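Participant: Same order as they appear, the protein sequences are chains A and B.
If you're matching positions, the first sequence starts at 1 in my numbering and goes up one per residue.
If you're matching positions, the second sequence starts at 1 in my numbering and goes up one per residue.
No lab work stands behind these hints, which were simulated from the structure alone.
Treat the hints loosely; a few may be bogus.
Keeping only pairs whose Cα atoms sit at most 16 Å apart, straight-line, the calculated EDC-like set for lysine to aspartate or glutamate is [what the hints assert, rightly or not]:
#	chain 1	residue 1	chain 2	residue 2
1	B	184	B	258
2	A	158	A	276
3	B	376	B	305
4	B	2	B	181
5	B	201	A	43
6	A	229	A	276
7	A	89	B	199
8	A	248	A	278
9	B	197	A	43
10	B	255	B	278
11	B	363	B	239
12	B	285	B	367
13	B	53	A	120
14	B	231	B	257
15	A	89	B	258
Per the computed footprint, the stretches of chain A lying under chain B, defined by three or more beta-carbons under 8 Å from a beta-carbon of chain B, are [what the hints assert, rightly or not]:
#	stretch
16	40–48
17	74–84
18	90–98
19	109–116
20	192–200
21	232–243
For clarity, every value in this text was computed on a predicted model and none was experimentally measured.
Ideal Cβ positions, reconstructed from N, Cα and C, are used throughout, including at glycine.
The chain contents come next:
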Amino acid sequence: MNEKKELRLSIPKEEVLQPGHLACQGCGASLAMRYALKALGRDIIVDIPACCWAVIDGPFPYSATNIPIYHTAFETAAAVASGVTNGLKAIGNDHTTVMAWAGDGGTFDIGIQALSGAAERNDDIIYTVYDNEAYMNTGIQRSSATPHGAWTTTTPVKHYRKGWKKDLDSIMVAHGIPYLATASIAYPEDMIKKYLKAQKIKGTKFIHVYAPCPTGWKSDPAMTIHLAKMVVETNIFPLYEVENGKYKINIKPKNRKPLDEYLAMQGRFKHLPQEEIEYLQRTFDEKWEILLKKEEHFG
Amino acid sequence: MKTVMNGDFAASYGAMTSDVKFVAAYPITPQTLIVEKLSELVADGELDASFVKVESEHSAMAACIGAQAAGIRTFTATSSQGLLLMCEVLHWAARARLPIVLANVNRAVAPGWSIWADAQDSISQRDTGWMQVYAENNQDVYDSILMAYKIAEDNDVLLPMMVNLDAFFLSHTSEVVDLIDNDKAKEFLPAYDPEYKLDPKNPRAFGALTSPEHYFEFTYKMFEAMEVAKKKITQVGKEFGDIFGRYYDMTESYKIDDAETVLVTFGTIAGTAKESVDRLRKEGKKVGNLKIRVFRPFPAEQIIDALKNAKRVVVIDRDYSYGNEGAFYTEIKGALYDANLRIDTYGMIAGLGGRDVSTTVIKEIVEKAETSEPNKTYFIGVKK
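Produce the entire structure from the sequences given, and follow the hints as far as they go.
Facilitator: Shown next as structure tokens:
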């Protein structure tokens, strides 16, 4: 059969992010920006607080993104974005997308107050947290997004992180924002769809992107995508959306993979005793069940 | 149009007359009347601006930074603890060269909780890169805000400006304020149109990682801008006077030509000091007053010129730099030293935490200077 198949790309071809940025090898955060900008285009203003991306974009006078970038203080990502979006609206600009782009430390910890303020006011911004589960730019210190069991420089092996990653997504849902999504860089089509959807919605959109960090996780840079895929297949980081309070899980693995392999690929977990691994497994399974129930009741 | 209003309202109307397009603010006593009045003006459509009611002063300044960087004229107001919370982002606004204007109601710093007049809040933010004006009365508050935008937005200045007004003595005290017609104001202060801003059509990155190779020059450029600002403040003050009939400068001399004792004051104390000068002169004392209206940039040249013939310089500080002396006192002495003027100086710390500095207190201060050892600091009216 000579049926000519038309190749349909759901990922826009244009690269907004240019080569020459300063990300580490295998950096998940750089791919996150690449996909987000492919979706959002160039009519955009992005503000970046202290985080890896404050470095990745390049030092003065360079910029790898070729879009308006505003570097700002650690805890101000949401507030600066609120200022930009409301300021633009005051002079009649309703078309430019305004995005805050912050790491997990700048979001889960020091920036949560400003983020809560912006979400409560429902300011018209996209807030992205690219989550690499620790303060990576300052040299791998724990944040409240660091998972139970992980090593960081401030949670050394003898005192590895105990306690659960802050459930920021639920906190953001509780603000009643019109749109929240989780995304993983291993699923670019899903991720781009979510950004395109977010861009069309007025109000505060919160996108939580899982972005592996080989430097901080002590993982093979070649395995970044693999890790970002496994985290979804193990139900550690489910891909879902909450649109006006309605939950929708985007990917439901048919056979949930055990998390042993995921943990074994990262030096930050290599000290974990078997009972901790079992505890993690149990808890992630429970959390998945809760999410299923949320979808069932609020779908 | 002449009307009666308190200092907080004068600040709000100052922002409105300046045609600000964006306000972000958080309430704190005694600044609350500013945000309340601005909320009303925006809600009634008298002020065509976006007003973001943020969750903290830190976010107020951060939001102003975002809007101003996008090319929009912004305003905020705060006081005391609120200004202190802003500290980090005050630096940010200045180093980002954003001509934001802020009204700060000078209020004491806790603990103990105090809502009364004291300049410790703004003095502690002296080195953030903001220009600082200290208003003497409500007309000064209103006029200074309009002038602040004109000075701050000048292409060779591009620095933020803080207009300070004393808690309650101005913020909640009603005086006659002559409001400027909007059209006339627009002639004096044209629309904000910065050369560099966040613009998708002309994308730039602002505030990126800066190596030792470049950082130094950014600071040097702020030095240059502050030097230009000194001239602009004088120039704009004169231009304002020529149009509206009220003249302003960085300092204001009152009866100092033949004065042996010159008081150096700022804020509302300057007003009282002038009244005291008149009373003391009736008693035969040759006293004058030098008001420091602008503290940053520091008007050293004008100060030297004003004090060069004095026998005695008496500086009244409503602030104290812990472990040293009043902030104004230190700087006045520095100016005199640079001009090789060895005049007897007296550092008088008075009125902290809102304690009244009346004409009686100022008379005491002058008498204290006449009878005490020079070149020392004295706390006036301390209860033992």
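Participant: Determine for every hint whether it applies to the structure shown.
Facilitator: Hint by hint, here is what the structure shows:
no.: 1; hint: 184(B) / 258(B); in the structure: violated, 39 Å
no.: 2; hint: 158(A) / 276(A); in the structure: holds, 14 Å
no.: 3; hint: 376(B) / 305(B); in the structure: violated, 23 Å
no.: 4; hint: 2(B) / 181(B); in the structure: holds, 11 Å
no.: 5; hint: 201(B) / 43(A); in the structure: holds, 8 Å
no.: 6; hint: 229(A) / 276(A); in the structure: violated, 22 Å
no.: 7; hint: 89(A) / 199(B); in the structure: holds, 14 Å
no.: 8; hint: 248(A) / 278(A); in the structure: violated, 28 Å
no.: 9; hint: 197(B) / 43(A); in the structure: holds, 14 Å
no.: 10; hint: 255(B) / 278(B); in the structure: holds, 9 Å
no.: 11; hint: 363(B) / 239(B); in the structure: violated, 36 Å
no.: 12; hint: 285(B) / 367(B); in the structure: holds, 10 Å
no.: 13; hint: 53(B) / 120(A); in the structure: holds, 11 Å
no.: 14; hint: 231(B) / 257(B); in the structure: violated, 23 Å
no.: 15; hint: 89(A) / 258(B); in the structure: violated, 57 Å
no.: 16; hint: 40–48; in the structure: holds (count 5)
no.: 17; hint: 74–84; in the structure: holds (count 9)
no.: 18; hint: 90–98; in the structure: holds (count 3)
no.: 19; hint: 109–116; in the structure: holds (count 3)
no.: 20; hint: 192–200; in the structure: violated (count 0)
no.: 21; hint: 232–243; in the structure: violated (count 0)
The structure fails hints 1, 3, 6, 8, 11, 14, 15, 20 and 21 (numbered hints given earlier, in ascending order).
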